[in-house]
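Undergrad: Between the sequences and the hints, there should be enough to build the whole structure, so can you do that?
Single-letter residue listing:
2 protein chains.
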Amino acid sequence: MEVVTIKDIAKMCGVATSTVSRAINEHSDISPETRARIMEAIEKTGFIPNNSARNLKRTEAKSIAVLVKGITNPLFSHMIRIIEEEIEAQKYTLVLRHVDSKEDEIDVALTLIKEKRLAGLIFMGGEFVHSAGKLEKITVPYIFSTISARPEEVSESTYSSIAVDDRKESKKMVSYLLDNGHRDIAIITNDTLDHSVGQLRMEGYLEAYREHGIAVNKRLIRILSDEYDQYSMMNGYQVTKELLRSKEPFTAIFCIADVLAIGACRALREAGLLIPKDVSVAGFDGIELGDFVSPRLTTIRQPAEQMAHDTVQCLFEVIGGLKEHRHKTYEGELLIKESTKQIAT
Amino acid sequence: MEVVTIKDIAKMCGVATSTVSRAINEHSDISPETRARIMEAIEKTGFIPNNSARNLKRTEAKSIAVLVKGITNPLFSHMIRIIEEEIEAQKYTLVLRHVDSKEDEIDVALTLIKEKRLAGLIFMGGEFVHSAGKLEKITVPYIFSTISARPEEVSESTYSSIAVDDRKESKKMVSYLLDNGHRDIAIITNDTLDHSVGQLRMEGYLEAYREHGIAVNKRLIRILSDEYDQYSMMNGYQVTKELLRSKEPFTAIFCIADVLAIGACRALREAGLLIPKDVSVAGFDGIELGDFVSPRLTTIRQPAEQMAHDTVQCLFEVIGGLKEHRHKTYEGELLIKESTKQIAT
DNA sequence: TTGTACGCGTTATCAT
DNA sequence: ATGATAACGCGTACAA
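Chains as they are written, first to last, in the numbering used here: chain Z, 1 to 345; chain D, 346 to 690.
Because the hints were derived from the structure by calculation, they are not lab data. Be aware that a few hints might be false.
Unchecked claim - Derived pair list, reagent style DSSO-like, types lysine-lysine, alpha-carbon separation capped at 30 Å: (1) Lys-407(D) with Lys-134(Z); (2) Lys-62(Z) with Lys-44(Z); (3) Lys-116(Z) with Lys-91(Z); (4) Lys-62(Z) with Lys-102(Z); (5) Lys-102(Z) with Lys-389(D); (6) Lys-11(Z) with Lys-389(D).
TA: As structure tokens, then:
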């Protein structure tokens, strides 16, 4: 018996397929004995229902897609692992899709929804501004995770979001550096053209300077390269090398992701600079790795586990019709470690 | 029109559904004009074929599962990304499944095969010894990637494998350390009870000692903790702390993965030891991170990109019936960086 | 070259 | 409590 189907089980037990189906899906209207007999046969034959057939029949397939832009960020890997577990626990299937920085995540989503009959969608990373027209085409519940979303023309009640206040947290870090005497703080961030968290964190940077009544040196604003993955040590490394070559003086570097900061550290070391003696380095995210480099990285910790958990929970609540769409903002934590220090003003 | 199906397209164009199907699947027996008309309608309506229906119809669904044991190893993340791209390029779907260290990957595979009608399977990480009985139940082509597999009772012609010679590479590294005057080399590895690469790398360690005619100090063989992810910085950190507490003298540590080595470095630093002045540290894998820590990590580089590429290619060749199962072994590269040094004997 | 009709494996809706 | 049957959306053998 090569492939066992529900029909085979039905024949073996002398019942109709519908009865077997009821047994599998734990319906109430079935006698315990029949159920037991069927389950035994299933056990014996190793029968496993064909997912495609189920999904075809069901109006909604039990699967959730996670679209990740910037999978090289360990923060995302970490969160995805938690998300995977929780989705699995709900007996749903996770469809993980990496979105290239050139691809439009909404287009990918639209394809996936029809192709796989998704029950819901999770967007991680990427942009927070999307055209209302496209967004409206998304027919299933979706949630932005780690993106303080604010699609301009779209009503807030059509989607959920889970994120820290990127502007505020970024400002927190830059203020800390300014308070510690730093005046020339370089920032390594995304191109402001893509409306990603980089833009928000940049705004926080500018705001901190403004509040302190200090002028920003625009030559210290450095944009990540397109040649490498956006969130990669190599990118932070290359941009910092470039910054060093420019001879523009600075006493601190704020990177919008920890991985970038780790790359920056290498560039500084190679230039013979000591951290934090010569240059302070600050990151963002609070990934585990930050505690395993030397010096340990000063950063803003995002409550990743909590956010991952809440992402799935929130999405399922909407899918189940239990709750409306929500927008949760989390508090980041300024972790002052060893890579930053106070300097004389 | 909420959900567009092949029927809608057929009606719109005044043709039969089968004609639309032929257009979609690029059959030859269809007139260019009809085809063009149909494609236009598809474009306009944004029709996307339902995957479940296709998979149900096809005897084999176009999907490949990757079962990963130890996803926390960046080597795997890196390889998976490449694998994802290549599978996508072949118009197949990737089913990524993380296997917990307590789970049996073959059991998970068996479920997935029936549930999703997989066309093929890729095993990453995990054990290389499996019961023949279970393995024989796998009805689709499968390949072990990064596992120099040798299921004892199973014929080599029933599966493929892609890996470095773990024993040899490990021996290479330990020999290098021995040649450089180290006599007391601690090794951090898996429990030998699970038949993973850790066991092979341990055998290489023992072999190197034997060839050098030096006795092994068993107290320097340290097993990873169950409390943390196997391939994690934290595990390397904790085990090394434990080793330091034991007061057993050693001049070098060889970790069977780079992430462990990075954890070990932190423990050594916290104990006030300098690397490589007081202790040499060596890793295995050759992940990018090794070049971004200070000192840069001496390691064995696995040709990850090549292996990832070949994994997919090899699997598709078997699926397509183009080639037989193969077992490819790759050469690792000893990268001598800054974390190891020669010592006086 | 195109259309007709059936079946893939499952679940849901009716009867019984 | 159980059975018969239609339907989910698509691909394909066969007929035209």
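Undergrad: Confirm or reject each hint.
TA: Evaluated hints:
For the hint linking Lys-407(D) to Lys-134(Z), the alpha-carbon distance of about 28 Å falls within 30 Å, and the restraint holds. The hinted pair formed by Lys-62(Z) and Lys-44(Z) meets the criterion: a straight-line CA distance of about 26 Å does not exceed 30 Å. Our distance criterion of 30 Å between C-alpha atoms is met by Lys-116(Z) and Lys-91(Z), whose separation comes to about 16 Å. Between Lys-62(Z) and Lys-102(Z), the direct Cα distance comes to roughly 29 Å. Compliance with the 30 Å bound is thereby established for this hinted pair.
Straight-line distance between C-alpha atoms of Lys-102(Z) and Lys-389(D) comes to about 24 Å, which keeps the hinted pair within the 30 Å bound. For the hint linking Lys-11(Z) to Lys-389(D), the alpha-carbon distance of about 46 Å lies beyond 30 Å, and the restraint is violated.
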